[in-house]
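For the protein sequence lines, the chains are D and Y, in the order given.
Those letters in the first sequence? Residues 1 to 423, per our numbering, in order.
Those letters in the second sequence? Residues 1 to 423, per our numbering, in order.
For the record, the hints were derived by calculation from the structure and aren't laboratory data.
Some hints could be false.
Stated by the list, open to error - Listed below are the simulated EDC-like cross-link pairs for lysine to aspartate or glutamate, each with C-alpha atoms no more than 16 Å apart in a straight line:
1) Y:286 to Y:321
2) Y:225 to D:197
3) Y:113 to D:380
4) Y:113 to D:188
5) D:295 to D:269
6) D:113 to D:126
7) D:317 to D:416
8) D:225 to D:245
9) D:16 to D:6
10) Y:286 to Y:245
11) D:113 to D:416
12) D:225 to Y:197
13) Y:64 to Y:126
14) D:113 to Y:245
15) Y:295 to Y:312
16) D:113 to Y:312
17) Y:225 to Y:209
18) D:64 to D:163
Since the structure is predicted, the reported quantities are computational estimates derived from the model, not experimental observations.
Number of protein chains: 2
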Amino acid sequence: MSTTLEAMREVAQRAKAASRVMAAATTEQKNRALQRIAAELRARTVVIVAANALDLADAKASGKNEAFLDRLMLDPSRVEAMAKAVEFIAGLEDPIGEVTESWRRPNGLEVRKVRLPLGVVLMIYESRPNVTSDAAALCLKSGNVALLRGGSEAFRSNRAIADALMHGLSSAGLPTDAAVLVPDTSRESMLALLTLDGLIDLCIPRGGEGLIRFVAENARVPVVKHYQGVCHVFVHAAADLEMAERIVVNAKASRPGVCNAMECLLVDEAIAATALPRLAQALVAKQVELRGCEKTVAALRSAGVPVTPAAEADFGKEFLELIAAVKVVPGLEGALAHIARYGSEHTEAIVTGSRDAARRFTREVCASAVVVNASTRFNDGGELGLGAEVGISTSRLHAFGPMGVRELTAQKFVVEGDGQVRG
Amino acid sequence: MSTTLEAMREVAQRAKAASRVMAAATTEQKNRALQRIAAELRARTVVIVAANALDLADAKASGKNEAFLDRLMLDPSRVEAMAKAVEFIAGLEDPIGEVTESWRRPNGLEVRKVRLPLGVVLMIYESRPNVTSDAAALCLKSGNVALLRGGSEAFRSNRAIADALMHGLSSAGLPTDAAVLVPDTSRESMLALLTLDGLIDLCIPRGGEGLIRFVAENARVPVVKHYQGVCHVFVHAAADLEMAERIVVNAKASRPGVCNAMECLLVDEAIAATALPRLAQALVAKQVELRGCEKTVAALRSAGVPVTPAAEADFGKEFLELIAAVKVVPGLEGALAHIARYGSEHTEAIVTGSRDAARRFTREVCASAVVVNASTRFNDGGELGLGAEVGISTSRLHAFGPMGVRELTAQKFVVEGDGQVRG
Chain D
1 MSTTLEAMRE VAQRAKAASR VMAAATTEQK NRALQRIAAE LRARTVVIVA ANALDLADAK
61 ASGKNEAFLD RLMLDPSRVE AMAKAVEFIA GLEDPIGEVT ESWRRPNGLE VRKVRLPLGV
121 VLMIYESRPN VTSDAAALCL KSGNVALLRG GSEAFRSNRA IADALMHGLS SAGLPTDAAV
181 LVPDTSRESM LALLTLDGLI DLCIPRGGEG LIRFVAENAR VPVVKHYQGV CHVFVHAAAD
241 LEMAERIVVN AKASRPGVCN AMECLLVDEA IAATALPRLA QALVAKQVEL RGCEKTVAAL
301 RSAGVPVTPA AEADFGKEFL ELIAAVKVVP GLEGALAHIA RYGSEHTEAI VTGSRDAARR
361 FTREVCASAV VVNASTRFND GGELGLGAEV GISTSRLHAF GPMGVRELTA QKFVVEGDGQ
421 VRG
Chain Y
1 MSTTLEAMRE VAQRAKAASR VMAAATTEQK NRALQRIAAE LRARTVVIVA ANALDLADAK
61 ASGKNEAFLD RLMLDPSRVE AMAKAVEFIA GLEDPIGEVT ESWRRPNGLE VRKVRLPLGV
121 VLMIYESRPN VTSDAAALCL KSGNVALLRG GSEAFRSNRA IADALMHGLS SAGLPTDAAV
181 LVPDTSRESM LALLTLDGLI DLCIPRGGEG LIRFVAENAR VPVVKHYQGV CHVFVHAAAD
241 LEMAERIVVN AKASRPGVCN AMECLLVDEA IAATALPRLA QALVAKQVEL RGCEKTVAAL
301 RSAGVPVTPA AEADFGKEFL ELIAAVKVVP GLEGALAHIA RYGSEHTEAI VTGSRDAARR
361 FTREVCASAV VVNASTRFND GGELGLGAEV GISTSRLHAF GPMGVRELTA QKFVVEGDGQ
421 VRG
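Hey, can you work out the whole structure from these sequences and the hints?
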C-alpha cells in the first residue's frame with residue numbers, strides 16, 4: 001500500500017500545484033486550451049480508435065456483454081462527438097469571478113460573493129471513455145484541475161484521449177497537470193486517492209451503484225453522490241389523459257437505460273378504470289413489460305392488457321430497461337407516501353390539471369427535480385439550460401440535480417471597506 | 001458497539017421521520033416554536049443554572065482551567081442572551097421555498113430553483129452549552145432537524161436546555177424529535193452516528209482541531225469543516241498607516257481567542273522601516289507579544305520595540321492569544337506566496353490605497369473571506385449580514401465562510417410544462 005499511496009500523493013500534489021495556476025487562468029486562456037483539445041482529438045482520431053480497438057478486443061475476450069462493449073466503443077463519429085462537446089463547453093460562460101450577490105452593510109462595508117474554483121476534482125468512472133474529455137473540459141472551464149481515474153477496461157482509450165488533453169493544455173500555456181489521467185487503475189490506488197483529504201477537494205463517482213457505494217464508504221475526501229434514479233410519474237385524477245400518455249411513454253421508452261427514465265407509474269384510483277388500460281396499452285405498444293400491483297393486475301387483465309404481478313422488490317427498483325412497475329394509489333396523498341418511501345430523490349413527475357395538486361406535489365416531494373406536466377427525461381443539464389453536466393447529484397449537499405460548470409465552483413466573500421474595525 | 005449503534009440508529013431514524021414534518025412546516029409554525037423556546041428558556045433559568053452548577057463543579061474537580069470553565073459557565077444573563085438569540089433567529093427570513101433563480105427554456109418549460117431543508121443536521125460540539133439552543137434554533141428556522149451531540153462535560157446543562165426546546169416544539173404542534181439531544185456522550189456513540197449515511201444529511205463539528213480531525217477521519221456522512229483560522233493582515237506599500245494601525249490592532253487585540261483574529265502581520269518591505277515600528281508599537285501597547293522574522297527583529301530592536309525571534313512553527317500557527325507572528329515580505333507577490341503557503345483559507349486582509357493591489361489580492365487569495373481595508377474580525381455571520389451562524393466553513397464544498405440559515409438549505413429544480421416530452 002505505501003508505495004501506491006506515495007505515488008498517488010505525488011500525482012495529487014502536482015494536481016494541487018496546478019490548481020493554483022488554473023484558478024488564476026483567464027477565460028481566454030481556458031477557451032484557447034479547450035479549442036486546442038478539440039482540434040487534438042480530431043487530429044488523433046485514428047490513434048484513439050486504434051487504442052480503443054485493443055481495449056475492445058480484451059473486453060470481448062473476457063466475455064463482456066453487448067451493452068458493456070457499446071459503452072466502451074469509440075469510432076470516428078464518437079470521437080467527433082467528443083470534440084464537439086469540448087467546443088460546446090468552450091462556448092459556455094466562464095463561472096469564475098462571477099458575482100452572485102452583493103450588498104452594503106450599515107457601517108459601509110461592501111460585501112459580495114464571488115465564484116472561485118473548487119480546486120482538484122477527482123472523477124472516478126467506469127467504461128465510457130468520453131467521460132475523460134467531457135469531465136476534463138468541464139473542470140478546465142471552471143478553473144478546476146481534473147484527476148481522471150477511469151476504469152482499467154478503457155485504459156488505452158483514456159490514455160490516447162489524455163494525450164490530446166495534455167497537448168491542448170500546453171499549447172495554451174496552461175500546466176499539463178491540470179488534467180491528469182491516473183496511471184494506475186488498481187483498486188488500491190483508488191483507495192489511496194480517496195484518503196488524500198487536503199489535496200483532493202471533491203470526488204465525483206460515476207457508474208454503477210456498487211462503485212458509488214464503495215467510494216462513499218471509503219472516502220476521506222468530500223464526495224457528491226450520483227446514485228440511481230428510481231423515477232415515478234404520478235397520473236393524478238385531474239390529468240389530461242392524452243398528455244399523460246405522451247409523457248409516460250416518453251419517460252419510460254425514449255431511453256430506458258438512463259437514470260432519468262421512469263421506473264414506476266402511479267395512477268390515481270379515482271381514474272384507474274379508464275386511465276390504467278389506456279396508459280398500459282401505450283406502454284405495451286412500445287414493448288414495455290408491466291409489473292402491476294394487485295389492483296393493476298385485476299384492471300389490466302379484464303381489459304386484456306398483458307401484465308405480470310409485481311413483487312415487493314419491483315417497487316423502488318431501477319430497471320434501466322423496458323420494464324415498468326405500475327401501482328394504483330389512493331390520490332395525491334397515496335402518491336406522496338409511495339414516492340417518499342420508494343423514490344431515490346432523483347426525478348419525480350405529476351401529470352395534473354389541478355393547480356392545488358401541482359403546488360402540493362412540487363412543495364412536498366423531495367427530489368433533485370420535481371416535474372409538472374412534462375417528461376422526467378428533462379432532468380438533464382443540457383435540457384434544463386445548464387450546458388453540459390458532470391452528472392446528476394442525488395445528495396442535497398453542495399449540489400442537488402445536474403452539475404454543470406457553476407456547480408463545480410465555490411463562493412468566497414469579498415469585503416471592502418475604508419478602514420472599518422469591529423466595535 | 002452493536003447496542004450503541006442500534007440505539008444511535010433509532011435516534012437518527014426518529015430524527016429522519018421528524019425531518020419530513022419539519023420540511024412541510026409553515027413559517028408561522030416555526031416562528032411560534034422559536035418564540036415558545038425563548039419563553040421556556042427564560043422560565044427555566046433557575047433550573048438551567050442549577051444543572052450547569054453541577055457540570056461546573058465536576059469540571060472544577062477534574063482540574064479544568066479558567067478558560068474552559070468560562071466557556072462552560074451559565075448564569076441568568078447568559079440564559080437571557082440565549083433566549084434573545086432564539087428570538088433573533090425567529091425574526092430572520094424563512095429560507096425555505098425561496099426561489100433563487102428561474103428561467104424559461106426554448107420549449108416553454110419553466111424552470112426554477114427552490115430552497116428546501118437539508119434534512120437531519122448533526123451538530124458535534126464541545127463545552128459551550130449555548131450551542132444547544134443556537135444550533136437548534138438555526139436548524140428549526142431552516143426546516144431541518146437538529147441532532148445535538150454536545151460534550152459530556154456540559155451534559156446536564158444541555159439536557160436542561162433541551163427540555164426547553166422540546167416544550168417549545170410541542171406547544172407549536174411540531175415533533176419533539178426535531179431537536180434532540182443525543183443521550184449518550186461516549187466516543188463510541190459519536191462514531192456510530194458518523195456512520196449513519198442516509199439518515200444524517202450533514203455533520204457540523206465545532207470545537208478544537210482534534211475533534212474536527214477525528215470527525216473528518218471517521219465520518220461516512222457529509223461533513224462541513226470549521227477548522228482553525230490562521231488569518232493574516234498584509235500592510236501594502238500603498239497603505240494609509242493610520243488606517244493600517246487601527247485595523248491591525250483591532251484584528252489582533254479586540255478578541256484574540258476567536259478564529260477571525262489576526263495571527264500574523266505581513267509588512268511590505270518597501271515601507272518596513274517606517275511602518276513596522278509604528279504597527280509593532282501599537283500592538284505592544286495592547287500587550288501583544290511579537291515574534292518576528294529576521295528583518296523584523298533587526299528593525300524593531302533598533303527602534304527599541306520588544307520582539308522575540310520567530311521559530312518556523314510560529315508562521316501558520318493559530319495562537320488564539322495575545323501573540324502575533326510578524327514578517328517582512330517582498331511586496332504583494334511575497335504576501336500572496338506567504339498566504340498561499342501558511343494561510344488556512346479562513347480570512348485574509350490587505351490594507352492598501354492601490355486599486356491594482358486590492359484587485360489582485362481579492363482575485364488571487366483563496367479564503368472564505370478576503371478583506372480590503374477592514375478588520376479580519378468582520379468574517380462573522382452577523383457582521384456580514386447573514387443573521388446568526390452555525391459556524392464558519394473553511395471547506396469550499398457546499399458552503400465557504402459563515403453558515404447561516406440559507407447555508408443550511410439545498411436547492412431543488414422545479415420544472416413546469418404543458419405536456420413537453422423529450423425528442
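Hints, one by one, checked against the model:
1. Y:286 to Y:321: 12 Å, holds
2. Y:225 to D:197: With Cα atoms ~12 Å apart, residue 225 of chain Y and residue 197 of chain D stay inside 16 Å; holds.
3. Y:113 to D:380: 14 Å, holds
4. Y:113 to D:188: 40 Å, violated
5. D:295 to D:269: 9 Å, holds
6. D:113 to D:126: 36 Å, violated
7. D:317 to D:416: 53 Å, violated
8. D:225 to D:245: Not OK: residue 225 of chain D and residue 245 of chain D at ~32 Å, beyond 16 Å, violated.
9. D:16 to D:6: It holds: about 15 Å lies between the C-alpha atoms, which stays within 16 Å.
10. Y:286 to Y:245: 12 Å, holds
11. D:113 to D:416: 12 Å, holds
12. D:225 to Y:197: Holds. Residue 225 of chain D to residue 197 of chain Y sits at ~12 Å (cutoff 16 Å).
13. Y:64 to Y:126: 14 Å, holds
14. D:113 to Y:245: Status violated; Cα separation ~27 Å.
15. Y:295 to Y:312: With a Cα-Cα distance of about 14 Å, the restraint between residue 295 of chain Y and residue 312 of chain Y holds, given a limit of 16 Å.
16. D:113 to Y:312: It is violated: about 34 Å lies between the C-alpha atoms, which goes past 16 Å.
17. Y:225 to Y:209: 10 Å, holds
18. D:64 to D:163: 27 Å, violated
In this structure, the hints that do not hold are numbers 4, 6, 7, 8, 14, 16 and 18, in rising order.
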